[in-house]
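Chemist: Sequence:
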Amino acid sequence: MANQKLTAIRVAKPYVAPIADADLFYTVQDTGTTPEDRAITGLELRQGLGMADGWVSVSSTWTYLSATSVTVPAGALLIYSIGDKIKFTQTTVKYFYVVGVADTVLTLTGGTDYAVVNAAISAVGYSKAGAPVGFPSFLNWNSTTGHNVQGASSVANDSFNFQINGRAVFCRAYVNCTSNASTMTGTLPVTPAATSIHVVRIRDNTTTYQAGLATITSSSGTVAYSVDTGAGTWTTSNTKGLQYAAFWYSI
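For what it's worth, the working numbering labels the leading residue of the sequence shown as 1438, then goes sequentially.
Source of the hints: derived by calculation from the structure; they are not laboratory data.
Careful: at least some of the hints might be erroneous.
Cβ pair distances, simulated, as ranges [said to hold, decoys possible]: (1) N1675 - T1541: 29 to 37 Å; (2) S1494 - T1615: 47 to 55 Å; (3) T1526 - A1683: 26 to 34 Å; (4) T1628 - F1462: 38 to 46 Å; (5) D1460 - A1683: 35 to 43 Å; (6) G1512 - T1628: 43 to 51 Å; (7) Y1501 - A1618: 37 to 45 Å; (8) S1633 - A1489: 34 to 42 Å; (9) S1580 - A1683: 13 to 21 Å; (10) P1573 - S1497: 19 to 27 Å.
Just so it is clear, CB atoms sit at the ideal spot from N, CA and C, and this is done for glycine as well.
Build the full structure now, drawing on both the sequences and the hints.
Modeler: Set out below in C-alpha cells:
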C-alpha cells in the first residue's frame, strides 16, 4: 500500500465497529530514545485509557458547589453530557447522573442515595457506557425527601426509584396511603423537558387496582396521578396508591 497520511486512511476506511478485546491496533512507542513499532489489543488500549471497567479516570480537581453540583475545570461542555454517569469518593464511593452542564459546573443527581458534601472529592471518573462497573441499576427517590407524595393524611409506603438513559428518565413507583384529597401528586427526580401522559396501575377507595394516569408537564417538577384513563379524581378517604407503576419522561 502506498504511503498515506493517517487522516486520509481514516476518511477512506473509518472505524465504525465497537472495539473488541481481540482487535489489534498499530502503535508507535517512543521511550525517549528509538521509537518502536508495537501491536496492542483492544483490551490493552482500553486498560491504558482507564476504560476497561467502563469508567474514564479524571485527573483534574473537582470541588463542592452544592449538594447537587460540583465545580470543574473550564471546558466541561466539550466533555460531559446530560445522562453521563459520575463516580467519586467522599469517604465512600458515590454515584450520580449528570443532569446539567455548564462551562465550569456539573449539576448532578444521586437521588436520595447520594449527595455532594462540602469535603474533598477524589478518585473521580465519568462514563458514557450503559452499565459501567459498580454503578447502581436504579437510584432511590424515596419518602419525604424524594417523591414526597401529596394528597394523603398518612403514607404507609412511598417507594420510588429511577434510572437515566441519555435524556430519558425511567421511573418505578409503589405508593400505599390514606387519602384526604381528590388529587395525588409526587415530586420528580429531574425536571422534565416535555409533557407526557402514561397509563399506570392505581388503587382508589380501597377497591381493586385499575388503570389510571401519570401526567407529566413540561418544566414542572411534579407528576400528577389520576383515577381511570379519563383523568378522574380520587376519593377523599380510605386507601389509595400506585401498584408498581412504571413510566418515563424526557429531560
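Chemist: Indicate, hint by hint, whether the structure satisfies it.
Modeler: Each hint, compared with the structure:
As the Cβ distance of N1675 to T1541 is approximately 52 Å, the hint placing it in 29 to 37 Å is violated. A C-beta distance of roughly 50 Å is found between S1494 and T1615, which places it inside the suggested range of 47 to 55 Å. Under the hint 26 to 34 Å, the C-beta atoms of T1526 and A1683, about 33 Å apart, fit the expected range. With their beta carbons about 42 Å apart, T1628 and F1462 fall inside the hinted range of 38 to 46 Å.
The hinted window of 35 to 43 Å between D1460 and A1683 holds, with their beta carbons roughly 38 Å apart. Our hint of 43 to 51 Å for G1512 and T1628 is violated, since their Cβ atoms are close to 25 Å apart. Hint check: Y1501 to A1618, Cβ distance near 39 Å, so the stated range 37 to 45 Å holds. Distance hint check: the CB atoms of S1633 and A1489 are about 38 Å apart, consistent with the given range 34 to 42 Å.
For S1580 and A1683, the Cβ-Cβ distance of about 19 Å falls inside the hinted range of 13 to 21 Å, so the restraint holds. For P1573 and S1497, the hinted distance range of 19 to 27 Å is satisfied, since their beta carbons lie about 25 Å from each other.
Hint check: violations occur at hints 1 and 6; the rest are consistent with the structure.
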